[in-house]
Amino acid sequence: MAEVVEGAVTRAPEELFVPKPRLVEGVRAYGLIVGMWLRSTMAYRASFLMTAFGNFTATAFDFVTIVLMFGHVDALGGYTLPEIALLYGAAGTAFGLADLLMGSMDRLGRRVRDGTLDTLLVRPVPVLAQVAADRFALRRLGRITQGLLVLGYGLVAADIDWTVAKAAVLPLMVLSGSVIFGAVFVAGGAFQFIAQDASQVQNSFTYGGNTLLQYPPTIFAKDLVRGVTFVVPLAFVNWLPALYVLDRDYPLGLPRWVAFLPPVVAAVCAAGAGLAWRAGLRAYRSTGS
Amino acid sequence: MRVYAVVAAGGFRRYATYRIETVAGVFTNTVFGFILAYTYTALWDERPRLGGYDMPQALTFVWLGQALLMTCVMMGGGFEDELIERIRTGDIAVDLYRPVDLQMWWLAGDLGRAGFHLLGRGIVPMVLGGLAFDLALPSEAGTWLAFLVAVTLGVVVSFAIRYLVALSAFWLMDGAGAAQIAFLAGLFFSGMLLPLTLFPGLLGEVARMLPWSALLQVPADVFLGKYTGWGLVRVYVFQASWAAVLLLVGRMVQSVATRRVVVQGG
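In order, the protein sequence lines correspond to chains A and B.
Those letters in the first sequence? Residues 205 to 493, per the working numbering, in order.
Those letters in the second sequence? Residues 884 to 1149, per the working numbering, in order.
Hints should not be assumed to be uniformly reliable.
[Said to hold, decoys possible] Rough simulated footprint, nothing fancy, chain A against chain B, three-plus residues with beta-carbon under 8 angstroms:
#1 907-917
#2 920-931
#3 1057-1064
#4 1075-1083
None of these hints come from the bench; they were simulated from the model.
Each residue gets a CB set at the ideal place from its N, CA and C atoms; glycine is no exception.
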């Protein structure tokens, strides 16, 4: 035990700068920056608790709206309240995780405009890690908590015929979903290198996608469902895996096994977003201010 | 009076400068408009005439919400962030020296901003929504005019609320908490998430009495022709009363607050 501690203490400062694989380096830098923001957040604990509660309440209002709707109807698009809660909770939790880890990406446009991005470029740390960890907001745990609570309600209250495969789909759904949303955040960031004032467009895909997925696919036009299945594959975040759990018909007559595709789709999205990010960073020209 | 007209024109021009941001905003409003319109379609398919609206009226409500979101600032954000910053840094002391009324100065700027947002962020989503869905657009010019009056009153109520939020910074130094509460209330009680006529029982009655209903619910109902003649006068009085009360409270809070201002040298 003592040796481990001593080893940590006697580590030479130069060792911190030994080149490591880029991914390891990026994750480590991300962790360090997040740690810094966490310390600064925790300096004002009461403020943190209040903003986390605010974040929880703000997101809870969408679900309150759905509950109010169900005060007038028994089913929406053929789905009951617990079934919609499952869709809502799965999307909300996956989006919440992505928002916690990557939610600062929408500040990139501002950094490009005011020139502070240049500061990030001269540091020996991957820019993506710096931008993603910038102003890391732990209060976003409020959104994740809210998503998990609604998901829990959906899982308990919906009439589900449990099997091992269905139980396995659940964690895959939430984790792959957050990777897919994370990829959208990164791709949106890459887009802002070109269109600096367009963080709103990114919000349409992230927040808008999250809102879309809170409702069953049966209520949307076929072309819209096609778009979020094959173009921006948000349908894999929750629709397809959750409909498998609920034994519901898939949209567009897709085969049952697509419920197990989210990890593959997530990997493809992450790779695509990575390429887009590199292209964006290469296209970046400083404002010079 | 001339100075306020110039300030209002400045507010308009200032927001008109950000063209890409306006286009991006229109895109966002349209995306959310589509998503909401589909959910409302599902709801009204089950229960036609829910809340006193038929399907085209319900869909019009959705697109009006998107068109007025920035105009009546349902989700906060705007001059108040700047005013909070000026209070926090002490620049407010300079503002208080100016030979203009502080509240009227910011109101004029906000009216100019609202004018731009109505044109820049309101018309295009409404047109796109009208192309994709069957909307209930007023056929008489008088209704359009009545709607514009209701929107203007809504903007003043919205301003008065946000002015109070900003003044809270004199005591709290950080306006984030108050701004967040105002944003939540604005989103929920304006009718942005669901028309207030669908809120159940007492919650609905209270929601329709609160000032936020002047931001969307009232202008939307005027647009849909729910109020004519004395009914129209009555809702104008409702909006104007909230505007007057909140502006007056703002003045009182302001005079208490400015007595607290300690100007530091340097």
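Hint by hint, here is what the structure shows:
1. 907-917: holds (count 7)
2. 920-931: Satisfied; 7 residues make the cut.
3. 1057-1064: With 5 residues in contact (Cβ-Cβ under 8 angstroms with chain A), the coverage given for the stretch 1057-1064 of chain B holds.
4. 1075-1083: Since 5 is at least three, the answer is holds.
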